[in-house]
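Sequences listed follow chains G and X, in order. Per my numbering: the first sequence ends with 356, consecutive numbering throughout. Per my numbering: the second sequence ends with 420, consecutive numbering throughout.
Everything labelled a hint here was simulated from the structure, so no lab data went into it. Being a predicted model, the structure only gives us computed values, none of them experimental. Hints are not guaranteed to be accurate.
[Claimed, not checked] Calculated from the model, a selection of chain G residues having no Cβ within reach of chain X, i.e. all distances over 12 Å:
(1) 70
(2) 107
(3) 182
(4) 206
(5) 299
(6) 314
[Said to hold, decoys possible] As a list, the in silico DMTMM-like pairs of lysine to aspartate or glutamate whose alpha-carbon atoms are at most 20 Å apart:
(7) G:198 <-> X:187
(8) G:207 <-> X:157
(9) X:171 <-> X:241
(10) X:364 <-> X:278
(11) X:205 <-> X:157
(12) G:207 <-> X:111
(13) G:207 <-> X:328
(14) X:410 <-> G:111
(15) X:148 <-> X:357
(16) X:171 <-> X:157
(17) X:396 <-> G:209
(18) X:77 <-> G:111
(19) X:310 <-> X:27
(20) X:171 <-> X:187
(21) X:410 <-> G:116
(22) X:318 <-> X:328
Every residue, glycine too, gets a C-beta built ideally from N, C-alpha and C.
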Amino acid sequence: MAPKPRPPRIKWHVIVFLAPAVLVYTAVMIYPLFNTLRLSLFTEVDQTRVFVGLQNFRTLFGDAFWSDHFWNALANNFWFFLIHMLVQNPVGIALAAILSHPKLRFASFYRSAIFIPTILSFVIVGFAWKLILSPIWGIAPGMLDAVGLKQLYAPWLGKQEYALTALSLVSVWQFVGIPMMLIYAALLSIPEGILEAAEVEGITGLSAFWKIKLPLILPSIGIISILTFVANFNAFDLIYAAQGALAGPDFSTDILGTFMYRTFFGFQLQLGDPHMGSTIASAMFAIILVGVCLYLFGIQRRMHRYQF
Amino acid sequence: MTKLKLSYVLLATTLISGNAVLAQDVTLTIESWRNDDLAIWQDQIIPAFEAQNPGIKVKFVPSAPTEYDAVLNSKLEAGSAGDLITCRPFDASLALFEAGHLADISGLEGMANFSPVAKSGWSTDDAATQFCVPMASVIHGFIYNKDAFAEVGVEVPATEAEFFAVLGKIKEDGNYTPMAMGTNDQWEAATMGYNNIGPNYWKGEEGRLALLAGDQKLTDEPWVAPYRQLAKWAPYLGDGYEAQTYPDSQNIFTLGRAAIYPAGSWEISGFNGLADFEMGAFYPPVAAAGDECYISDHTDIGIGMNTKSAHPEAAKAFLNWVGSPEFATLYANALPGFFPLSSAPITLDDPLAQEFISWRGKCHSSIRSTYQILSRGTPNLENETWNASVAVIKGEETPEDAGMRLQKGLASWYAPQQ
C-alpha cells in the first residue's frame, strides 16, 4: 500500500523571515501610498471630508491656474531628467571607463573623491552651491575674472532662463558618482579572456570599449537610466534647499515635488490642502509607474544578457 | 495581610500628596515660531509674569518659523499642543478657531486695551469674536546708513523725486550700493517693496477696505502705481540682485556696503548688534511735498488659548497679563522693532525703534493689503504679489500687465471683485 500523500505543510520559516520586512514596508510605504490615492478622491467642505470622485483631477487638469502650474512643473521635470540623462550618465560611464584602465594611478583616490558628494546632505550641497554661485560672496565670479572670462558670469540661480539648468548641473555634480560606481563594477566583471581574445583579433583601445565593453554593460546602463528617472521625478530636496518652496524665479525651477509640497503643506498665507496635494502625488505616482512599465516591457525584456 | 493593606494605604497617600504638589504648580506651555526670542522670553518676560502669579510656571517652546504651522497643526490634531498658542495673523489662526482649536476670548478684560485695527488680525470676518490677544506689529520703512548719507552728502528724502535723486547720487558716488534688496527669495520684493511703498498710493485703510468691498480693482491707478515705482528700483539694486537672498541683503547693509535698506522694523534688534555705523530711518516718501503719509503697521503676532488646555484659568490669567500696559512696555523694550498694539502710550529706549514708532503719530496706519481675506482662495493673492513684484523689478512684466494678471486671479474666486 502506497503511503498517503501528506498534506502540503505550511512553510512557517518563510512567513517568519518575511514578516518583519513585509510589516515595516506595509506600514511605511504601502499603506501611505494607498491612503494618498484615497485622499485624492476627497475634499474638505466646512471641516468635514467629502467624497468627490475624480473632481480633484478634473481641477488639476481642467482649471487654468492648476493645469498651468502642473504642466510647467512637468516640463521642468522632463528638462531636469534630460540633463541628467545627457550629462550625468555619459560622464559617469566615461569616468568609470577611465578608472577601470589598469594603468591609471591613484584610481581609488579619484573614485572616492568623485563619490563623496553623493553622501552629502542636499541641504549642504544646495547651500554650498548657492554660496559658490552667489554674485556677492561667491567664488564663481572671481574665478571667471581670474581667467578673463568675467563677462560669462551671470547670477544664474536668479535668472529664469538659467536657474533650472544650473540646479540640474549641481544635482549632476552631486550624483555622478552613482552611475560611475555601478558601471565601474560592471566593467570589472567583464572576464579578461574576452578582452584578450579581442586583442588577438586586433581590437584594442577605444574600439574595444565601443565594440566589446559597451554592449556588455548595456543592462547596467538600462538600470541606471530607470533609477535616474525615478529619482528625478521624485526630486524635491535640492530645489527646496536652494530656491525655497516657491521654486523661483517665477516658478522656473518648480518641479512636481515642490509643487506637491507647496500644495499639500501650504506656503506663507496659503493654507495647506492635503486633498489637492494628494491629487498631485497620485499624478506623480502614475507618471513614474508608466515610465517604469514602458522601460520594463519595452526595453528590459529585449535586452540580451551574455553568460560567460 | 494587614501589613500589605497598610502598604497600599501608604502608597495611595503618597500618590495623592504627589498630585497635590503638582496641582499647586500649574505649568503652561507656549507654542511659538519666534525661536530668535527664546532668551528674551526665558530671562525677562516669563520671570516677570511668574513673580506676580505664584503657582503658575510658564514654558516657552518655539519651533522654526517655516515649520511652525505644520508642526502646530499636527500637534493640535493629536491633542499634544501647548496651553497657549502664538497666533499668525488672519486666516491661519481663523482656520484654527473655526476648527475648534482656539478658544473664544472676546470677554477677556485685557482686550479692552486694543483698537479695532489692532484686533482685526484675530477676529472673525464680522469682527464680533476675538480669538487671540494682539501682541505685536511691525512697521515698514527704509533704514539708512547715516555715515554713508553724510559722506555722499545727501539728506533724508521726503518725496519720491527726492528719493530717486538720493539713489542717483549714491550710485554716481560709487562707494555704496544704493539699495540692498534682492529678488531671489521673492518675498522681500512684495513685503519690503510693494506693501512698503503702496499705502501712500492707495491711501492706507481707505484703499484696502475699498478693495475688500470690491469698489477698487487691482488694475486701478493706486494699485498699479506702486509697481511703476518698483520698476524704477532695478538700476539701484546691487550687481546680480536677481540671485541675492534675504540674508545677503542683511549682510550687505550691516557690513556698510549699502546705503539704504528697505526694511521691516523686525530687523532693528538684529541690525543693532551687527552694524558699527549709526542707522536712521525714514518712512516711504510721498508723491508731492506736504501729502499725507501712510505706513504699513502690520499686525504680526498674537497669542491665544488652546481649547483643550488643562489649565484654562491660568491660561486666561496669562492672556490678561499680555493685554496689560506692563507687558507692552516690557515686550517693546526687550524686542525693539516689535511694537505693542496696545493703545496705552509707551516709550522706547532704542532710538531707531523710537523713530519707527513715532510715525504712528505723523502718518496713518494700515496693514498689508493682501493679508485679510484676499489670500483665502487659489490663486493666493499674497504669493502672486511676490511673483508680480519680482517680475516688475526685473522688467519681465509691465506694471499694467501685473495688475491685470493679479486682478484676473483675484476675480476668479473672490465674489465682490467679480
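Right, here's what the structure says about each hint:
| no. | hint | in the structure |
| --- | --- | --- |
| 1 | 70 | holds, 27 Å |
| 2 | 107 | violated, 9 Å |
| 3 | 182 | violated, 6 Å |
| 4 | 206 | violated, 3 Å |
| 5 | 299 | violated, 8 Å |
| 6 | 314 | violated, 7 Å |
| 7 | G:198 <-> X:187 | violated, 25 Å |
| 8 | G:207 <-> X:157 | violated, 35 Å |
| 9 | X:171 <-> X:241 | holds, 17 Å |
| 10 | X:364 <-> X:278 | violated, 29 Å |
| 11 | X:205 <-> X:157 | violated, 25 Å |
| 12 | G:207 <-> X:111 | violated, 53 Å |
| 13 | G:207 <-> X:328 | violated, 49 Å |
| 14 | X:410 <-> G:111 | holds, 14 Å |
| 15 | X:148 <-> X:357 | holds, 14 Å |
| 16 | X:171 <-> X:157 | holds, 11 Å |
| 17 | X:396 <-> G:209 | holds, 13 Å |
| 18 | X:77 <-> G:111 | violated, 33 Å |
| 19 | X:310 <-> X:27 | holds, 19 Å |
| 20 | X:171 <-> X:187 | violated, 28 Å |
| 21 | X:410 <-> G:116 | holds, 15 Å |
| 22 | X:318 <-> X:328 | holds, 16 Å |
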